[in-house]
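Chain A is fixed; fit chain B onto it per the hints.
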Amino acid sequence: MAASKRYLPPEAVSRAQRLELKARQIVEGFLSGSHRSPYFGQSVEFVQHRQYVPGDDVRHVDWKVWARQDRLVIKQYEEDTNLRCTLLVDSSASMNYGAEQNSKFDYAATLAACMALLILKQQDAVASILFDNKIRSRVPMRTSQRHLADIIASFENARPAEKTNLDSIFKDIVQSSSRRGLMVLFSDLLGAEESALRGISTLRKAGNDVMVIHVLHDDELDFPFSDPTRFEGLESLDHLTCNPRALREGYLEALNRSLIRIRRTCAASKCDYLLVRTSDAPDAVLSSLVASRDHTTRR
Amino acid sequence: MQFLFQPLTWGFLLVGVPILIHLINMLRHRRQRWAAMDFLLESYRRNRRWVLLKQWLLLFARMLAMALLVTMLAKWVSAAKWLGWFGGQSTHHYILLDDSYSMGDTEGGEIAYDRALQAVSGLLRSIAGTPGQHYFTFLRWSRASLVSQSSAENAPLDAAADMIAVSIPQDPARLLDRVRVTSPTPLSLSPGAAIELVSPLIADSSDEQSIVYLVTDLRRNEFGDPQTLRNNLLNLTKNSGLEIQLIDCGKDSSGNLTLASVEPEKEIWAAGVPLMVRFQVRNHSAQVLRNLVVKLKAITYADGSVSPQIDRDYSGDILELPPIVIEQIAPGETVTRQTQVVFGVPGRHVVEVALPDDSVNTDNKRWCVIDIKPAQSVLVVDGELDQSNAFYFETVTNPDARLRTGLVLENADAVFLRDASARELAKYNVIVLLDVPRLEPTAIAKLEEYCRAGGGIFITTGPNTNTDFVNDQLYREGQGIFPLQIQAVDDLISVSGIGQPHVIATEHPILAPLKQLSSSPFSLINIRKILSVEPASLERPGLQIVATGISNRPILVDHPMGDGRVLTLLTGLRSEWSNWAQDPTFVVLILRSLGYLSSFRHATTSDTVGTSIEVVETDSTILPEAEIILPAKLESNRIRLLQNVDLSDPQVARLNWRLDLAEMDRDSIEGFFRPGLFEVWLVDGRAKQFVHNFAHNVAAVEGNLERVPLNELVQSLQPVPIQIRSADALRNSGLNAQNASHSTVVMALLIMLLLAEQILAYSASFHPHTPVTQRHRSSVLGSGGMR
Numbered sequence: 023m024a025a026s027k028r029y030l031p032p033e034a035v036s037r038a039q040r041l042e043l044k045a046r047q048i049v050e051g052f053l054s055g056s057h058r059s060p061y062f063g064q065s066v067e068f069v070q071h072r073q074y075v076p077g078d079d080v081r082h083v084d085w086k087v088w089a090r091q092d093r094l095v096i097k098q099y100e101e102d103t104n105l106r107c108t109l110l111v112d113s114s115a116s117m118n119y120g121a122e123q124n125s126k127f128d129y130a131a132t133l134a135a136c137m138a139l140l141i142l143k144q145q146d147a148v149a150s151i152l153f154d155n156k157i158r159s160r161v162p163m164r165t166s167q168r169h170l171a172d173i174i175a176s177f178e179n180a181r182p183a184e185k186t187n188l189d190s191i192f193k194d195i196v197q198s199s200s201r202r203g204l205m206v207l208f209s210d211l212l213g214a215e216e217s218a219l220r221g222i223s224t225l226r227k228a229g230n231d232v233m234v235i236h237v238l239h240d241d242e243l244d245f246p247f248s249d250p251t252r253f254e255g256l257e258s259l260d261h262l263t264c265n266p267r268a269l270r271e272g273y274l275e276a277l278n279r280s281l282i283r284i285r286r287t288c289a290a291s292k293c294d295y296l297l298v299r300t301s302d303a304p305d306a307v308l309s310s311l312v313a314s315r316d317h318t319t320r321r
Numbered sequence: 003m004q005f006l007f008q009p010l011t012w013g014f015l016l017v018g019v020p021i022l023i024h025l026i027n028m029l030r031h032r033r034q035r036w037a038a039m040d041f042l043l044e045s046y047r048r049n050r051r052w053v054l055l056k057q058w059l060l061l062f063a064r065m066l067a068m069a070l071l072v073t074m075l076a077k078w079v080s081a082a083k084w085l086g087w088f089g090g091q092s093t094h095h096y097i098l099l100d101d102s103y104s105m106g107d108t109e110g111g112e113i114a115y116d117r118a119l120q121a122v123s124g125l126l127r128s129i130a131g132t133p134g135q136h137y138f139t140f141l142r143w144s145r146a147s148l149v150s151q152s153s154a155e156n157a158p159l160d161a162a163a164d165m166i167a168v169s170i171p172q173d174p175a176r177l178l179d180r181v182r183v184t185s186p187t188p189l190s191l192s193p194g195a196a197i198e199l200v201s202p203l204i205a206d207s208s209d210e211q212s213i214v215y216l217v218t219d220l221r222r223n224e225f226g227d228p229q230t231l232r233n234n235l236l237n238l239t240k241n242s243g244l245e246i247q248l249i250d251c252g253k254d255s256s257g258n259l260t261l262a263s264v265e266p267e268k269e270i271w272a273a274g275v276p277l278m279v280r281f282q283v284r285n286h287s288a289q290v291l292r293n294l295v296v297k298l299k300a301i302t303y304a305d306g307s308v309s310p311q312i313d314r315d316y317s318g319d320i321l322e323l324p325p326i327v328i329e330q331i332a333p334g335e336t337v338t339r340q341t342q343v344v345f346g347v348p349g350r351h352v353v354e355v356a357l358p359d360d361s362v363n364t365d366n367k368r369w370c371v372i373d374i375k376p377a378q379s380v381l382v383v384d385g386e387l388d389q390s391n392a393f394y395f396e397t398v399t400n401p402d403a404r405l406r407t408g409l410v411l412e413n414a415d416a417v418f419l420r421d422a423s424a425r426e427l428a429k430y431n432v433i434v435l436l437d438v439p440r441l442e443p444t445a446i447a448k449l450e451e452y453c454r455a456g457g458g459i460f461i462t463t464g465p466n467t468n469t470d471f472v473n474d475q476l477y478r479e480g481q482g483i484f485p486l487q488i489q490a491v492d493d494l495i496s497v498s499g500i501g502q503p504h505v506i507a508t509e510h511p512i513l514a515p516l517k518q519l520s521s522s523p524f525s526l527i528n529i530r531k532i533l534s535v536e537p538a539s540l541e542r543p544g545l546q547i548v549a550t551g552i553s554n555r556p557i558l559v560d561h562p563m564g565d566g567r568v569l570t571l572l573t574g575l576r577s578e579w580s581n582w583a584q585d586p587t588f589v590v591l592i593l594r595s596l597g598y599l600s601s602f603r604h605a606t607t608s609d610t611v612g613t614s615i616e617v618v619e620t621d622s623t624i625l626p627e628a629e630i631i632l633p634a635k636l637e638s639n640r641i642r643l644l645q646n647v648d649l650s651d652p653q654v655a656r657l658n659w660r661l662d663l664a665e666m667d668r669d670s671i672e673g674f675f676r677p678g679l680f681e682v683w684l685v686d687g688r689a690k691q692f693v694h695n696f697a698h699n700v701a702a703v704e705g706n707l708e709r710v711p712l713n714e715l716v717q718s719l720q721p722v723p724i725q726i727r728s729a730d731a732l733r734n735s736g737l738n739a740q741n742a743s744h745s746t747v748v749m750a751l752l753i754m755l756l757l758a759e760q761i762l763a764y765s766a767s768f769h770p771h772t773p774v775t776q777r778h779r780s781s782v783l784g785s786g787g788m789r
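Top line first, the protein sequences correspond to chains A and B. Here the first sequence is numbered in this note's numbering, starting from 23 and rising by one per residue. Here the second sequence is numbered in this note's numbering, starting from 3 and rising by one per residue.
By construction, these hints were calculated from the structure, which means they are not laboratory data. One should not assume that every hint holds.
Which stretches of chain B does chain A cover? Using the computed rule of at least three CB atoms under 8 Å from a CB of chain A, they are [claimed, not checked]:
# : region
1 : 10-17
2 : 47-55
So, partial list: chain B residues that the calculated Cβ filter (under 7 Å) puts toward chain A [claimed, not checked]:
# : residue
3 : His31
4 : Leu42
5 : Phe692
Simulated DEER-style distance windows between Cβ atoms [as the list claims (entries may be wrong)]:
# : chain 1 : residue 1 : chain 2 : residue 2 : range
6 : B       : Arg47     : A       : Ala121    : 40 to 50 Å
7 : B       : Ser208    : A       : Arg252    : 53 to 63 Å
8 : B       : Leu10     : A       : Arg252    : 32 to 42 Å
9 : A       : Glu216    : B       : Arg47     : 17 to 27 Å
Cβ coordinates follow ideal geometry from the N, Cα and C atoms, glycine included.
With the rest of the complex left out, here is chain A (with noise of 0.2 Å):
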């Protein structure tokens, strides 16, 4: 199957394009479009004032401000600008299961290329960063429609094998990003927990608005399973052979709180937050998350 087959779905590119991403905040962009820009540049639309400091480009002083009050402003104006967006993806190990073709990797770049394709049809910025405990590919921030080829086969090419370290990971992505933008997180929080939340308010103290896509098997979330099993840990050497009938219940509940407090990190550093299963409709999950962005960007 091609890659674009794969991961971009014929409903779920439909949908894409009926649809339109918009940010819920200003962001950093370099074309202009329909979202705002923090950025004051060659704009009609005035903002405000600033006071002088020696630097600023003499062009922007309000010279009727100097000679009625005698004092250098700087004159600012509102400019639109276009979305930045970054698809984190978590190629880890743990990512890798489920069955071949529907592991939680490929349902993440499932989701990721939807997202991709959409941004891109708002001729908005997208770029892509796949990683496990190091940074294994990097697609540059693109407006070309033919960049969205460049990142499915970023997804195509990556081999989930490695353990996860969200936080380094993402201090190294805010130090060598040098703009704001829309940081989309596709991993499942697996094998370090601390390390992953630590990583998100990296990212959003950073000024970066967040989104994250928490991506769970089927088994993991409903832990189905009733005979006698040996579990092997995928980013571990642990083992544990059980009846997993006895143990089902404790696993559930432990589940359950570290999903409560994820959800409860996210909230307190004003981050977007979807559970989302693999046997989700990608189609169904982006409707989702842009309804519901819709909403929190009206309210």
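Only chain B this time, still in chain A's reference frame:
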């Protein structure tokens, strides 16, 4: 711990099956690569102890369930008292069946024993139909009696009982088959032995309800000793929960005649000598019986001319004797009659006496065995030098060549007694001491030994009698062969009265026939001198006076010594002492005295049924295999058994055939108890067969069919709580056994355990829950999710 079905106890190995399944499950687990190990390990850490505990409890419950299942199927029969607290007490039914020969009573056209069997059958069927666990022990009184006699201490119940603690199935047909093959025995029995035999088992089974059933016809001879029976029953009822039921299967009898005894007179048992055989008939009915015909047979077993014949009633030659008619027998009366038989040849001959059939036939026939010798040897020691005393004896015992008395006299002097060995003396049936003045101490000792061994001694006194010697050596303070202490020689000429007989016979059997005569036959006897005796010595134990004289002085005295007897004539045979030797009654006196004295060495003429048979032969050339022919069952041939002869002693060959319940088959045991003639055939070194006959007769007392009234019995057994039931009522109705079995308790425990196991398994999440993942599903898309 005991189980009725022991082979099923192998099923306890199934206890290991749950462990095996657990181990197999541990090995056959599947592998699963898993991302959310942290949550799984956290769950494991939090629940590990509880999960392990549940798993162990579950494993233990399953193992216990298997054990209980096997316990239930294998029928656990022994339990502790705690089972009773759960209502699981079982009931043990002890049926003690009277199989004495009175149970063969055919009153009312039905045998009492059959009524008893039908009652037992009804009882078993009703018990089988009653819920609960029931055990059955079946013991016949005869077996209990025999085992008790064979080993008085700790008689084993399992050797006697037909069935012990057998579980009663729903269909007790097979048990009843084993009960129905039994039949009344010819024994006279009482319930004591059976009760004593089951007592230890009842005492050891205090955890179960015990019911003792005495199935009997309630004859007075069996329950005539209520004191002993009451004590036995009281001992039984010490155990709590014991119930005694008396099942009456008898009916009032219209009457029964019993042949009480058949025995030869104590006379001279010699070939060709007429012998009187006496028999007694007892009327146990309540009416006078008239013109009763008694049939007699004389069966001759001539040495060397008879061979074993199993297809005939007897191997010997049968001679029908003229029947004897008893004109009348009053109720409860015992009539004695006698008949004369003559066996012309030596041998162990038999006399059979038979009564006509009545309600109980077992006691209508009797037999006696008479060991006829060619002659009886008599040793005569005369104190007179001219042997004048011996002359009278010679005249009496050998009056004419044509007349045969069966006595052979040998004369000897006192020195012979001193020198003869005990074996030589033993050849003589009687030793006669005729006015012997003195004997050597050695001779006295040999005579005493001879007498103690069963020999007879006849002593006459006279002018040679030395009073001091007699008192010191022969009387010896009542320890010697002389019966009395002599005071003096009394001269009776001056004291004899006119017309007063000098000899008066007592009831002693020697002169009894003469006493029955209308006029005294002793009127011509004149006793001139007699030894007067110390009156105190007349109190000697066992001493009997055969004849007295003037002033009631003892003339002829009989006293026992060991197994033998001594007859002492306290007067002389010579004319200056008396003229009795010239009187015709002297012939009767001598012949009967010698016959009487010789009889104590005879073998018994009959035994009670069930007596062991013992043959001792001093011939070392006897072949090691003997043949025993048992009395015939009705309308069938006699049974022939082979028996080994014990030849370990080179001097003596022994054959001992005794009851061995463990070794003997059923036919042999039945034959052992059968009344009749047992022929033991031996073969000597010259290949000559010879026979030892043994007559076994039933106990006459059992023929008394009088029943104990129920109210009298209950009264006499107070305070024993006894319940009396009728056999007829039990045929179609039963008892209500109410207790549940151990198996029922075990099953209840098993069910409870399985329920607990299910709850435990459910609790341990071994059964899947209803899926509860909806909350996660709704949190994904339903709630909008963001922030």
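Going through the hints against the structure:
1. 10-17: violated (count 0)
2. 47-55: Coverage by chain A holds here, the residue count being 3 at a Cβ distance below 8 Å.
3. His31: 4 Å, holds
4. Leu42: Result: holds, 5 Å to nearest chain A Cβ.
5. Phe692: Result: violated, 89 Å to nearest chain A Cβ.
6. Arg47/B to Ala121/A: 40 to 50 Å: The hint (40 to 50 Å, Cβ to Cβ) is violated, given that Arg47/B and Ala121/A are roughly 30 Å apart.
7. Ser208/B to Arg252/A: 53 to 63 Å: 57 Å, holds
8. Leu10/B to Arg252/A: 32 to 42 Å: At 40 Å between Cβs, range holds.
9. Glu216/A to Arg47/B: 17 to 27 Å: 18 Å, holds
In terms of the numbered hints stated before, the structure departs from hints 1, 5, 6, listed from lowest to highest.
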